[in-house]
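Undergrad: Sequence:
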Amino acid sequence: MLFTSYFIFSIVLGAFLYVSLADVLSTNERLKGVVSELLVQQDELFTNYSRLVTNYDALNASYRQLVENYRELQSAYSELLSAYASLSANHTSLSARFKDLNASYVELMHKYEKLRHDYDVLYTVLYKPLENKTVPRVDELKAWLKEDPTDTIQYRDPDFVCGDFAMMLSFHAKLKGWDMGGRSSLRTRCGRGEVQPCIQRHTLRRGARLCRGPDGFCLVE
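Residue 1101 in the working numbering sits at position 29 of the sequence shown; the count goes up by one each step and never skips.
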């Protein structure tokens, strides 16, 4: 009886152990599959991690390079800003100088044009004959003699004598287009013509008469 009970117990226990072992084996197989999947996922995660570390290092290197470039650009910007301020100040100064020089240039140009005009007039009077000679009327001659400044020049022998006075009047008359000889004579003929009644002009110490003859005008002392 006891043996039978033991035998039955052994059979039941064996069956239980078999079932349990089967469950354990099945669970073990499942766990192996899970472990395999976890290992694959671990490999993938490690690969991704390695890739992320590589990308991080690259980004970190790029960041450091960008920081260095930014510092260089900041330094270059500061230098350019300083250069710009200096150039701006120079530009302002040069603009002011340019305006002053331009104003001086315009003024000098006006003076040059006036001087050139006066030179051309003087050159014409001294070296060129009159193209269109005009014989003034007596009233024109009287009016001109009243306005002509030649008599304001002081008589100085021998620096400025009657002959100089006659030549000065001749130049002034030529500026008006009048043909006046610059001959200085003493109670004689006026050019090739006889002396006509003269317009007395007592301006110099010796006195001087401006006379009109057939060939123009002359001064008689």
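It is worth saying that the hints were derived from the structure and are not from the lab. Remember, it's a predicted structure, so these values are computed and weren't measured experimentally. Honestly, I wouldn't trust all of these hints.
[What the hints assert, rightly or not] Pair ranges (Cβ atoms, derived):
hint, residue 1, residue 2, range
1, Ser-1158, Phe-1118, 34 to 44 Å
2, Tyr-1156, Asn-1132, 34 to 44 Å
3, Tyr-1199, Phe-1232, 21 to 31 Å
4, Tyr-1199, Ala-1157, 54 to 64 Å
5, Ala-1157, Asp-1129, 41 to 51 Å
6, His-1182, Ala-1155, 31 to 41 Å
7, Tyr-1177, Tyr-1156, 38 to 48 Å
8, Phe-1170, Gly-1249, 24 to 34 Å
9, Leu-1110, Tyr-1135, 29 to 39 Å
10, Leu-1198, Phe-1170, 50 to 60 Å
11, Val-1197, Ala-1155, 24 to 34 Å
12, Asn-1100, Asn-1132, 26 to 36 Å
13, Asn-1100, Ala-1130, 21 to 31 Å
Ideal Cβ positions, reconstructed from N, Cα and C, are used throughout, including at glycine.
Undergrad: Each hint: holds or not?
TA: Structure-based check of all given hints:
For Ser-1158 and Phe-1118, the hinted distance range of 34 to 44 Å is not satisfied, since their beta carbons lie about 59 Å from each other. A hinted range of 34 to 44 Å holds for the C-beta pair Tyr-1156 and Asn-1132, which are about 35 Å apart. The hinted window of 21 to 31 Å between Tyr-1199 and Phe-1232 holds, with their beta carbons roughly 22 Å apart. Between Tyr-1199 and Ala-1157 the beta carbons are some 60 Å apart, a value that agrees with the proposed interval 54 to 64 Å.
Between Ala-1157 and Asp-1129 the CB atoms are about 42 Å apart, so this pair conforms to the stated range of 41 to 51 Å. Our hint of 31 to 41 Å for His-1182 and Ala-1155 holds, since their Cβ atoms are close to 40 Å apart. Range check, Tyr-1177 to Tyr-1156: about 30 Å between beta-carbon atoms, so the 38 to 48 Å window is missed. One distance hint, 24 to 34 Å for the beta-carbon pair Phe-1170 and Gly-1249, is violated here, with the actual separation near 44 Å.
Checked against the hint of 29 to 39 Å, the pair Leu-1110 and Tyr-1135 passes, with Cβ atoms roughly 35 Å apart. Checked against the hint of 50 to 60 Å, the C-beta distance between Leu-1198 and Phe-1170 comes to roughly 40 Å, which is inconsistent with it. A hinted range of 24 to 34 Å is violated for the C-beta pair Val-1197 and Ala-1155, which are about 60 Å apart. The supplied range of 26 to 36 Å is broken by Asn-1100 and Asn-1132, whose beta-carbon atoms lie about 45 Å from each other.
Asn-1100 and Ala-1130 have their C-beta atoms about 44 Å apart, which leaves the hinted 21 to 31 Å range violated.
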